[in-house]
Structure formats: C-alpha cells, structure tokens
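There are 2 protein chains.
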Amino acid sequence: MKKYVLGLDYGTLSERTVLVDIETGKIDAVATYEYRDSVIDEYLPGSDKKLPNDWALQNPIDYLNAVELTIAEVLKQVNQDEIEIVGIGVDFTACTILPVKKDGTPLCMTDEYKENPHAWVKLWKHHAAQKQADFANEVAEKRGEAFLPRYGNIISSEWAIPKVMQIVDEAPEIYKNADYFVEASDWIIWRLTGELTRNACAAGYKGTWHKKDGYPSKDYLKALNPVIENLYDDKLCGSMVAPGEKVGNLSNEWKEKFNLSGDIAVGGPIIDAHSAAIGGGVSDPGTMFMIMGTSTCHMLMSDKEVLVDGISGVVEDGIVPGYYGYEAGQAAVGDIFGWFVNNNVPAEYQKIAEERGVSIHDVLSEKASKLNPGESGLLAVDWWNGCRTPLVDAHLSGMILGLTLNTKPEEIYRALIEATAFGTRVIIELFSEKGVKIDRIRAGGGLTKNQMLLEIYADIIGLPIEISASEQASALGAAVLGAVAADQYSTISDAVEKMVEPPVKVVTPNIEKNKSYNKLYEQYKKLVDIFGRDENSVIKELYKLKG
Amino acid sequence: MKKYVLGLDYGTLSERTVLVDIETGKIDAVATYEYRDSVIDEYLPGSDKKLPNDWALQNPIDYLNAVELTIAEVLKQVNQDEIEIVGIGVDFTACTILPVKKDGTPLCMTDEYKENPHAWVKLWKHHAAQKQADFANEVAEKRGEAFLPRYGNIISSEWAIPKVMQIVDEAPEIYKNADYFVEASDWIIWRLTGELTRNACAAGYKGTWHKKDGYPSKDYLKALNPVIENLYDDKLCGSMVAPGEKVGNLSNEWKEKFNLSGDIAVGGPIIDAHSAAIGGGVSDPGTMFMIMGTSTCHMLMSDKEVLVDGISGVVEDGIVPGYYGYEAGQAAVGDIFGWFVNNNVPAEYQKIAEERGVSIHDVLSEKASKLNPGESGLLAVDWWNGCRTPLVDAHLSGMILGLTLNTKPEEIYRALIEATAFGTRVIIELFSEKGVKIDRIRAGGGLTKNQMLLEIYADIIGLPIEISASEQASALGAAVLGAVAADQYSTISDAVEKMVEPPVKVVTPNIEKNKSYNKLYEQYKKLVDIFGRDENSVIKELYKLKG
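Each protein sequence line maps, in turn, to chains A and B. My numbering numbers the first residue of the first sequence as 301 and each following residue consecutively. My numbering numbers the first residue of the second sequence as 301 and each following residue consecutively.
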C-alpha cells in the first residue's frame, strides 16, 4: 500500500485537490472545482438587490462542495485498493472570514439571515471596510500599539478587525447573533475534523495575533468600539495551531462518503501564498521566496523577530513552526508590464507580435534583451500601484527618467523590469540590515517564464535566482502539511526535502552587469529618498493636486 | 503705379520670393526655388567621395539661381507696367558661411578648390565642428571672456568661429586662400548690390559680435590658434548693417535682367527665424514672439541689455535697430509630441485615427482636452533633447512622474504639452526677473494649429497668446526690411503696423485653470532644481552611466 496525502488548495475562484505520493511528492491525481457562486460582488445568490461597490463575498457551500467533489474525483483516478490516504493539508485565501453559529453553521445558511449580505463569507478582496481600517490605524497609532510596527504600521482593510468592525457598524444584529467569526480555512478544517481551531498563519498575518503578546488588548478594541471590547474572548475562539500541526482526524462521516479507512490526520492550514513558499521548496532561513505575478509577495524565515520597515507582517510559526515568518510585498510588478503593453506600445510592435504568433511581451523582451545595463539612460521607479515595502504608501506613483527623442519602447520596457528588480533589492537589503540574512532567492509565479527578467533580477540583486519546479506550489505545500500532520515527517523541512523537487533552473548573476547595475541602483535609491521619504515630495504633492 | 517690395526668404531646402504691396502688406505673388543640390551631406556634386558624418554643405549657385528664377517668376504674375519695385529685403539661415575670393567668387566655384569640401558653403546645420566648439568654449571660459554670458555661456558648433576653426584644422590651404569668410546672407546682398557688408543679426547671434565691444579679442583668437589671431581684421571684413538698413541699390546688371527701372533699395538682411518675428508683427518691446515647431525659438526686444541665464543670445540691433534683441530656446517641443505618437501610442488609437481620417495627434488632443489641470496626477519635464534656456545642457533628459496603472496615453500626451508650456513659463519669468518685461505672447509655427495646446499655454503662462496671421512670416519680414530700406517707412515698427495683419486670434487664460496650474508649476520648478541644477543629479548621473 502506497501512502498518499491530499492537498486542498482554496483559491479565489476555485479549489484544487492534489493526491500526492508521500515519499516522492509526485502529484498522481488532480481535480478542481470552480465555485458555483464564484466571487459574489453584484447580487447575493437568488437576490436582485445590488451589493455596494468594493464588496466581495463567497458562498461557504462552495467550499464544502469542493471537498466532496474533488476528493471523490482524485480517488477515481487511482486504484483505491493500492493506496492509503494518511493525511490532509489545506491552504486557503485570507483574510476570508465568516460569521457562524456555535455548531459551525454559517449565518448565511440560516433562513433568518441569508438575505443579509453581512451574513456571508467576506472574501479577502472585500474592500468595503476602508473607513473602519482607517479608524483602526488612527487609534492604534495614537495609542502606540506595539502590534502596529509588525505590520509596517498599517492594518489593511482586508484584515479581520476592519471586516468585523464593518459588520458592527452596518449590521449589528449579525455581530450580535454570530457566535464566532472564523477564517474560512479554520472553518473547513472544523468541517473536516469537528475541531474548531485557529491557524497561526491567518491569525498572525491577517488577525494581528502574536504568539507571545496574543491579540490586541481589550482597551484598544474598546477604543475602536465598546461593542467589540470582548471580541477575542467571545467570538474569535479556538486554540491556535501552526501550519501542519495535527488538528484531528478526518471525521467518520467524510471517510464513509469517500470509502476511506484508518486514521487520516488533518493539519493546521496555511494561507495560499505562504503555502506556495513551502511547495516551492522553502522551509528554512536563508532563502527568500518570491511569488512573481501581477504583484510580488516575498516570504522569508528567520530565527529572530525584528521590526522591518513596511513589511506586510512578521509572524512566529506563521509559515513553518519554530521560525518567524516574514512577508513583504511589491504592490505592482507584472501589472506594470501589462499596463505598458496595453497603453504604450505602438501598432508596429503589435503587428510584429501577430505576424510571429507571439505576445507583445515576447517582442519587447527580445529587443530589450540586447541592451546593456544603463545603456538606454533610463531609470524608473516601480510605484505604479504605490509602494508596499518599505514605504507603505498607496498614493505614491511611478516615474521614468532619462527619456530622449531616441528612446524606444523596448528600452522603457526593460527599465520597468529593472525598476521592479531594484525594488526587490531594496527589500532584500532592508532584511539584511536588520540581520535577517538572505543567501539566495527562490522564485515562482507567472513572471518566472521570462528569461530576460530572471537575468535582470539576478544581475541587479547579485544573488542566484532558483526557479521553483512546481506549477502547483500552493497545493503541494498543503500536501506537505498533511504529511507532517500524519507524522510521516517530523518537520516541514524534512518533508520538503523529500517531497519538493529541486529548482528547474538557477539563474546566476553576471558579475560585470551586477557592477553596472550597482551604480544604477545608487541612483534608484536616491529617487526613493527624494520622492518617497520627503513628506512634501513632488510625487506626494501631485497626488494631493489630483483632488 | 503701385509700390511693391520683394522679400527673399532663404530656407534650408528652398528659397521663396514674395511680392508685397508696400501699403497693405498683401502678398500679391509668390515663387519658390528648391535648391538643386539641396543639403549636401553625402557627396559633393559630381564627386563620389563620401563626406564624413555630421557634414552639411550647400552650393552657392543655388542661391543665385533662386534670385534669377523666383524674381522673374513673381514679376510674370503681375502687370509690370502698373507696379514699381522700390526695395528688396532678405532673410537667410545662419550661420551659413562660405570662403570667397576678394571679388566674391566662392572658392568652391574655382577649379583649384572645387573638389575640397571645405571650399563649399557650410550650412547652419553642419555639426562637424563640435571638437572646435568645445575647445573655443573651454578657452573662453578659462579666460573669462565677457562675450560668453551673452550666449548662455556656450558657443555652438553651428557658429562662425568653430566652423572657421575646422577649416584651419582640416584644410589650412582653404583658410589661407580665402580672402573672406562671408555669411551667405551677406554674400547674396553683395551679389545684389556690389557692396560687401555684414549684418548685425547673423554677426551678433552667430558670430559673437557685440555693437560696443566688437568681436572677440585677438588674444582670445590667438589662444584658440595663432593662425587666426587676425581673423576679424583680415578675413571677416565689411561694415556692419542693421536689419533693413540700406546697403545700396540693386545693381544695373540685375535690373536689366528683370527689366526693372528706378532705384531699388536693398536692406541689411536678417536670420530667417528673426525675420519671422517681424513678419509675425513683433517689432517692439513687451511682446515675446515664439516660433513653435519641432523646437521653439523665443524672440523679444528690450531697451536694455541684461544677462539672462542660458539665452541663445542678446544682440543690439539684432532684430530691430535701436533695441536689444533677445533669443531664447527650447530644444524640443513638437519633437516630443512626435516621439510620443511614434513610440508610445497603442494600435487602438491608430485605428481610431484611421477610421476617422484624422491624425493620432487629433485623437489624443480630443481626449486630452477633456482633462482638468492636475487631474491625471502626471507631471513631465521637457528635456527630451536637453535643455537650452535656461540650463544650456544638451545632456539633460526628459522625465514623467505620477504614473499609475490607470494612466492613459492621452494623459501622458497632455502632460508633455504642459511640460513644454512650463518650460516656456520658466523662460518668461527669467526675463521678467531681469526687468525685461513681457506683456503678451505672439505665436507662429505649425503647433499653433492645435487649439488645446494654445489654451494650455495661455492657462499655464497666464498671458494672452496671439496667433500670428501670416503663414509666410519670414518672407513677409524680409519684405518689411525692403520697405524700410527703400525709405517708405521710417522704422520697422511703422512698416509692421501697416504691412502685418493683426493676429488671427487671441487665446486668453482661464483664471481658474491658471490658478491650478500655478500649483503644478511650483512642482515643475522643484524638478528643474533637483535634476537640472544639482551637479550630481540622478539625470546627470544617468547620462554618465550611458557611457
């Protein structure tokens, strides 16, 4: 009997389940389920009442249907007599949160509240609690709350406290009648095992929980709104579990449904992005994992907890138990290149792309790859969507310097890629200055398909960049957690060593180009100082003048 | 008998002659002559020896052919019995200079030298004397030559001294055997009248001549090269004439050729751009004339001589006798918009333009005209071709700030137009700070066809912008000089009042928009300081890193 684990990967639009060989990490079966109600941002199911702007809800039934249908589907793809399922791991978007009754029934599934939008799951990208987030930040800053610097001094409107505050403000009856507010990841674990726990990853990164200090104080909550003074005691219960820590076993009800036998351990879940770090092979200090897509998320483990400017969060046990997990971010990366291709590339380039059956990105990359560092005379700063780490200023904007009558589109394209690499280098140096060492970079995500981009990053950062092998890193990461929960490996690192393939390639820096880029980087840092750190910088005034 | 004057307008590719009614300024006949040898930048006529890069020569025969053919042609268009030609005026490109024998024969027309490229006319845009210009500047700066600040501290490679120095360096036999070096404008006047004079406009703006201080000293010339110590005494002779000052009468030889009778006065010539100011109706202090095309040239008269940062020149009698004529410049204006349209506008906009049968400029202007000042959050600095006035730095480059994922091409297009208007406002304020008052702007040139651009300029500058009526301002300006030389008017101002039509329209500033732009202008000036005035600015370092 070959031993297997299931990795359940809950994304924004669908859930994917992988059946993974516990010894090799090989994915032997995959099934996905597209949520029937997808992202609910216009009308509640069966309703014709329009939701306000910036809302984003989900239907928890979709999460349960996903379990039922995808597990059955992957089991169909193998000979069930020859395999043994020993564990289940889960990753989930966060903060994706829902109000439930004591028995776990979501309020949106009760007749009483199903027509109240606040009774539904608030998806991570529900952005309608900005007012509450602003107030939470203001009060935290005034009171000098110690948790604030752990999150770059900004609580996002996506996080638990603003989302709950919005319910208190707009639907007090929901707040009152909800026995608990639960992360969707914890809720699905509860449904699988019958145990209500909270996971350190979502609680830490999105719920302002700290392993030693706990949650924000009652005084702080009272200052936000006396109604929520006892929020954590009353409505955010459950013991804390680290990713992969065993929560319990899969309930008999589910086992019967799938015709499974024996104990099947279920591990503490993790946020999807953080799971990708593990599935990408990063489970120890020294390697920074970057998920490079429309934006870039940087994850890193360390033995120590230090405060780093503008990080998204530092959470003990947040990614791998025993380590402090750091998360930093660049608010736009692939989005900038997409903006350029959509808005600033002439017809002639589109024609070349069409004739050759390639993308405009390919045409630009081919031309841009012939350029040397500094040759174009261009330098850009990558703030097209503001700056997350280190400045935490959503109102900053991008710039391009060095334009001449001879400047070509491919030169600007390359300068934009370079700008995002400079932005990454700033983050790496920030960690290094604080004693959090980074020896190498591991990258995953769509942008890693662009070889020129990888070379530019390696040359600018001056470190080798390893490209993650798995195209399903999040799901594989979840499977690793299942294997650890099932006690097949004693640590996540041990499991990763066996279950995650080595990088498909390593892009090493070119020493000469790195030297050239060091000079350009000095100029980039000057621009960060001039425009990012000065309170009355031209960029900041331009934002004010937009009115 | 109706009185007429002829205006001869020598441009870069062709000469245009206008026959102008002396009382009304109406152009009753026009003829043009395309130079047969055009701009000689590859091979000398009849030769297969390639010219080096950056060379630009002309054939003086073309200038004579132009006189012969175009005057005959305009006279054919009228009833010669009913008209009387009383004067001739000339405008010409400059510094366009040729070596000649004592009798005026160009060396390139002698068998001995016709195969030597240095014997030919060096056109204004001959750029092969940069090495000599650099040295002339270096020596002038070291010696603290008083003439240097009158030219923004830079002698251009286009001017007389570098062009003659190149001949001394590369063809000493030509220098030795040339009796004179003559501006083409003075040469044609010599051919028309038999009188060798020098015109204050070309001598002042391109020949470093000053009405009180004269030419640069022998010591300076000796420091450049002992061979040219006596350049001005020996080879740059002829009394100085102001524009429109009578040089003499048209020679009998020409009169017979055209079957003309009576005295026909020929006036001191002027540079073509400066002639456009007169033909555009500007002949007194208070109004700045802008020729707005690929670049912009600013002209202005004043009673006083002051040193203004980075102007192209200040010359007493340089445009209108009795006034100090100031010339300033922006190195790229329409060129920037052209660069944008060629390199940064997506296929979708080109399609709209094609479908509607308009230009991409039209499509962008229509969209951009709906925007309010500051609304896009963008700000650009217009240094795509360096900065002439006030910074005189060809190595500066352009920049765009405030870019976001929502930035649209028309927003950038508008920001570029605004940037050039901010650049003009800097020049205007520079003059005002020095006590050279500017009450209104008169504009001519191709860009004045863009109504949105005119409104943006008026709103940013805060002054009415009058649009010059004449599409042939240079030629009309030359005709004005002929009328003054013929004593039909006692001053250029009197002649302009009668002969130049009032502006076709006046674009007045919108007070509210002007107020908004004042705030953006403050930010523009900050960028000029940060990047233009600091010796180690990012922009200057980027240029150095280009290598």
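Treat the hints loosely; a few may be bogus.
Same chains, same names: a pair is fine if it fits in one copy or spans any two.
Each computed DMTMM-like pair below joins lysine to aspartate or glutamate, with the alpha-carbon atoms no more than 20 Å apart [said to hold, decoys possible]:
no., residue 1, residue 2
1, 604, 635
2, 546, 470
3, 846, 812
4, 846, 822
5, 813, 470
6, 819, 835
7, 826, 841
8, 844, 675
9, 667, 469
10, 737, 533
FYI, nobody ran anything at the bench for these hints, they're computed from the structure. Just so it is clear, the structure is predicted and the values come from calculations on it, not from any experiment.
Hints, one by one, checked against the model:
1. In this assembly of identical chains, residue 604 and residue 635 lie within 20 Å of each other by CA distance neither inside one copy nor across copies; the values are 33 Å within and 56 Å between.
2. Within a single copy, residue 546 and residue 470 get their C-alpha atoms no closer than 37 Å, and across copies no closer than 88 Å, so neither meets the 20 Å cut-off.
3. Proximity of residue 846 to residue 812 under the C-alpha cut-off of 20 Å is restricted to the inter-copy arrangement: shortest distance 15 Å between copies versus 42 Å within a copy.
4. In this homomeric assembly, residue 846 and residue 822 come within 20 Å of each other (Cα to Cα) only across copies, at 15 Å, whereas the closest approach inside a single copy is 30 Å.
5. When the C-alpha separation of residue 813 and residue 470 is checked against a cutoff of 20 Å, the pair qualifies neither within a copy, at 56 Å, nor between copies, at 40 Å.
6. Taking identical chains as interchangeable, the C-alpha atoms of residue 819 and residue 835 lie at most 20 Å apart only when they sit on different chains, with a minimum of 17 Å there against 26 Å within one chain.
7. When the C-alpha separation of residue 826 and residue 841 is checked against a cutoff of 20 Å, the pair qualifies both within a copy, at 18 Å, and between copies, at 11 Å.
8. Taking the shortest Cα distances, residue 844 and residue 675 sit within 20 Å of each other only across copies (10 Å), while inside one copy they are farther apart (35 Å).
9. When the C-alpha separation of residue 667 and residue 469 is checked against a cutoff of 20 Å, the pair qualifies neither within a copy, at 54 Å, nor between copies, at 41 Å.
10. Taking the shortest Cα distances, residue 737 and residue 533 never come within 20 Å of each other, neither inside one copy (38 Å) nor across copies (74 Å).
Hints 1, 2, 5, 9 and 10, counting from the list given before, are not met by this structure.
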